[in-house]
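Asker: Below, each chain spelled out in residue letters.
Number of protein chains: 2
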Amino acid sequence: MSLLVVGSMAFDSIRSPFGEVEKVVGGSATYFSLAASYLAPVRLVSVVGTDFPAHTIRMLSARSIDTRGLKVADGETFRWKGYYEYDLNTAHTVETELNVFRDFAPVLPEEYRDTPYVFLGNIDPRIQMDMLSQVRNPKLVALDTMNYWIENSPGPLREAIGKADIVIFNESELREISGEYNLVKAARAVMSWGPTRVVIKRGEYGVLHLSDGAMFAAPAYPLETIFDPTGAGDSFAGGFMGYLASRNGSDPGEMDYRLATMFGSAIASFTVEAFSTERLENLSPGDIASRVDAFRALTEFRV
Amino acid sequence: MSLLVVGSMAFDSIRSPFGEVEKVVGGSATYFSLAASYLAPVRLVSVVGTDFPAHTIRMLSARSIDTRGLKVADGETFRWKGYYEYDLNTAHTVETELNVFRDFAPVLPEEYRDTPYVFLGNIDPRIQMDMLSQVRNPKLVALDTMNYWIENSPGPLREAIGKADIVIFNESELREISGEYNLVKAARAVMSWGPTRVVIKRGEYGVLHLSDGAMFAAPAYPLETIFDPTGAGDSFAGGFMGYLASRNGSDPGEMDYRLATMFGSAIASFTVEAFSTERLENLSPGDIASRVDAFRALTEFRV
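Chains as they are written, first to last, in numbering that gives the first Met the number 0: chain A, 0 to 302; chain B, 0 to 302.
Hint data in this document are derived by calculation from the structure and do not stem from the laboratory.
Here the structure is a predicted model, which is why all the values come from computation and not from measurement.
We put the CB at the ideal spot given by N, CA and C, even for glycine.
Be careful, since some hints might not be right.
To be verified - Partial selection, computed: residues in chain B whose CB lies under 10 Å from chain A: (1) Gly18; (2) Asp86; (3) Ala90; (4) Gly178; (5) Leu182; (6) Glu203; (7) Tyr204; (8) Met214; (9) Pro221; (10) Met261; (11) Asp292; (12) Ala296; (13) Glu299.
Claimed, not checked - Some chain B residues well away from chain A (every beta-carbon gap over 12 Å; in silico): (14) Met0; (15) Pro52; (16) Ala53; (17) Glu84; (18) Ser152; (19) Ala293.
Please model the entire structure based on the sequences and the hints provided.
Answerer: What follows is the structure, encoded as structure tokens:
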């Protein structure tokens, strides 16, 4: 089944202890779409400027990503400049230029309005809600955000969260939004606003997944070469939602969410092996299946 | 089979966001022995002052912990004073008083010299080596250390590590001792000095376990109430080594090390639920088995 994503597309300039790149393709919707496209057809809603490479858009279209919802606006593409120290879990932002993203007010193409699976990427929660109001009877809605919106638009954000089934946050976002340091209590607080599942991204420590009835913890894959963690969280979300959308349409159960988590983790583990979307553009289904299997070998124990 | 531990016994004064205690029983050998005693007979080598409570020593003796190697020396017991912020992974030391620990030069009781399983707790690596030289043909030797010895006795420490089969370090210790930030590379560096396994303690993120042929990642149990992380690492080590010693004497394989990791994690998850050794003194075998089973439920997924 199809999967709708709304989020940013960007040019990133990134420095890590392992190298430096200037003005490479990035953005939450880009990583999400690429990751999800290995598993399900994706419908992309975003905006870029006229400076965005046409061949990248063609590359996305060639991979079961519907780009009719991608607007090319007069002006420059959104830019992010940042760096990482050895602690790759923390991105340090040097500069953000919103550019065409400043006036982003997406209108959902009619063909997208019946999409069953929806991912509201990290954008203004008012846009997240506006997008969602244009979808007819979505089956499953997941939402991401960032500290900026938690601090600057807490009201709209809380309203948007109330409309989501699943939130996908990192640890500091969950703690900040709930005002609760303990992750179990923080997840419970967020679930009291509406969502039934909280997926906590912990960078190199993996993922913790809480719902009313269960907890699931998955490690990240211990890699020898991590070049650039940019996009890991969005790739995770793309693999996670992509797996759920790839199923037969029955309501996912706990084990489906768990396997979705492992697909997300597997794809994210490839993303960080190179700068930008390089590695993510060149995976095979076999690569992903092998990594999921490697996760099983990594975590298995018998009582 | 029996398990020998050499390490500190102490009075701790601890402040955490959840309370404060003064001069409670602590120390690496105390936590280790208590944790291991649920699984195997323990032989304890340590030193306390005349101020150490006799009833605590009786409590240890009553739990299959042989205290003939525990010396009561003239003077005061080792003391540690520290605190934790909300990030319970980091202990901040306010004060350390070595007291009777300053002249600790243990002589192994003759009855201990054939102990097959040996844990060299975090003490001067010269004492670790001296202890080890007094054991006849140990079957399995594990070693812990801390940043102080890495910085002040790198030579003797490296020599001691060379004589161990397993090292049990936290992330920062492993990084500092190897000079390598990436944990996979760091573990490989340490294994090139002799040990065949590196167990990395990651606090609330669990444990990563590397050997030449395999990697194993286990989460910590997501708890709603963590009062005091002091002793969690030593309790983990105690449960880990205790499980290995509890087996039939055949060489442990990968799955045995994994289950040992889960027993260690289970027992450590109880330790942090109360200050000092309180919770650790009052577990039942059923409590531990249930927690190991809860870990299985926490991590299980099916491809």
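Asker: Hints first: check each against the structure and report whether it holds.
Answerer: We went through each hint and held it up to the structure:
1. Gly18: violated, 15 Å
2. Asp86: holds, 9 Å
3. Ala90: violated, 17 Å
4. Gly178: violated, 12 Å
5. Leu182: holds, 6 Å
6. Glu203: holds, 8 Å
7. Tyr204: Since the shortest Cβ distance to chain A is 4 Å, the answer is holds.
8. Met214: Since the shortest Cβ distance to chain A is 6 Å, the answer is holds.
9. Pro221: holds, 5 Å
10. Met261: holds, 6 Å
11. Asp292: holds, 7 Å
12. Ala296: At 8 Å from the nearest chain A Cβ, B/Ala296 passes the 10 Å test, so the hint holds.
13. Glu299: holds, 7 Å
14. Met0: Fine: 21 Å to the nearest Cβ keeps B/Met0 off the interface.
15. Pro52: Check passes; 33 Å lies beyond 12 Å.
16. Ala53: At about 38 Å from chain A, B/Ala53 clears the 12 Å cut-off, so the statement holds.
17. Glu84: For B/Glu84, whose nearest Cβ neighbour in chain A is about 10 Å away, the distance does not exceed 12 Å, so it is violated.
18. Ser152: Answer for B/Ser152: holds, closest chain A Cβ roughly 25 Å.
19. Ala293: violated, 9 Å
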